[in-house]
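One line per chain: the protein sequences are A and B, in this order. In this note's numbering, each number is its position in the first sequence, counted from 1, plus 64. In this note's numbering, each number is its position in the second sequence, counted from 1, plus 16.
Chain A residues, not near chain B, derived (Cβ > 10 Å throughout):
hint	residue
1	72
2	80
3	82
4	179
In the SDA-like style, the derived pairs of lysine to any residue whose C-alpha atoms are separated by at most 20 Å in a straight line are:
hint	chain 1	residue 1	chain 2	residue 2
5	A	106	B	27
6	A	106	B	106
7	A	166	B	126
8	A	106	B	62
9	A	106	B	19
10	A	106	B	131
11	B	57	A	104
12	A	166	B	107
13	A	166	B	90
The hints are simulated quantities; they were obtained by calculation from the structure and are not laboratory data. Bear in mind that the values here come from a model prediction, so they are computed numbers and not experimental data. Just so you know, even glycine gets a beta-carbon here, dropped at the ideal spot from N, CA and C.
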Amino acid sequence: AQSVTQLDSHVSVSEGTPVLLRCNYSSSYSPSLFWYVQHPNKGLQLLLKYTSAATLVKGINGFEAEFKKSETSFHLTKPSAHMSDAAEYFCVVSDPAGTASKLTFGTGTRLQVTL
Amino acid sequence: GAVVSQHPSWVICKSGTSVKIECRSLDFQATTMFWYRQFPKQSLMLMATSNEGSKATYEQGVEKDKFLINHASLTLSTLTVTSAHPEDSSFYICSAGRPKGVNTEAFFGQGTRLTVV
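Working from the sequences, and respecting the hints, build out all of it.
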């Protein structure tokens with residue numbers, strides 16, 4: 065069985081400051097891990113994905129995430145938040161690795177960006 | 017990138033009526049599509065896996081007779097909410113898997129907000 069835990073349901077940062085959204089996973093296999101962003105009443109947009117290549121993954125809009133097997137973590141970071149980053153972020157695991165056949169979503173983290 | 021189109025983006029219907037939601041892969045063939053449901057301020061929950069040319073596979077707790085899924089072609093899957101009730105009001109999102117080398121990448125539709133009154 066696979067699962068993801070997003071440790072924070074809500075994160076608030078000031079514009080221009082770093083963003084850290086935390087995610088821990090559990091998987092019986094070598095997982096593929098994803099971060100998706102969802103703006104209000106919109107579908108999901110893929111930010112980045114890890115599929116057993118480089119452990120530091122760079123995504124769109126300046127986001128990146130590091131896969132740490134020893135910590136079973138895949139935290140999402142961005143050096144400097146922008147107002148347009150305000151949205152819901154989901155950490156997702158697929159099992160078995162790479163097939164994206166069955167995605168398990170975390171509960172989501174709502175990112176608020178203030179002036 | 018690949019595009020998955022979902023229609024309608026929102027729909028309001030009366031209790032007891034049925035609503036059909038379409039999910040189309042616009043520039044690739046999708047042998048497998050997935051239907052998710054998202055309640056307000058909650059995560060996405062997989063409802064069922066739609067397989068082209070065969071019966072859908074439903075997750076535990078999802079009523080097959082209520083949520084009818086048809087995947088008649090490689091580019092279209094439909095979800096029909098039958099005899100809708102207010103508790104069926106939710107955000108429904110589909111995704112389609114496109115093979116990419118040895119992997120499959122999932123692309124999501126823009127979602128359908130269903131309100132049953």
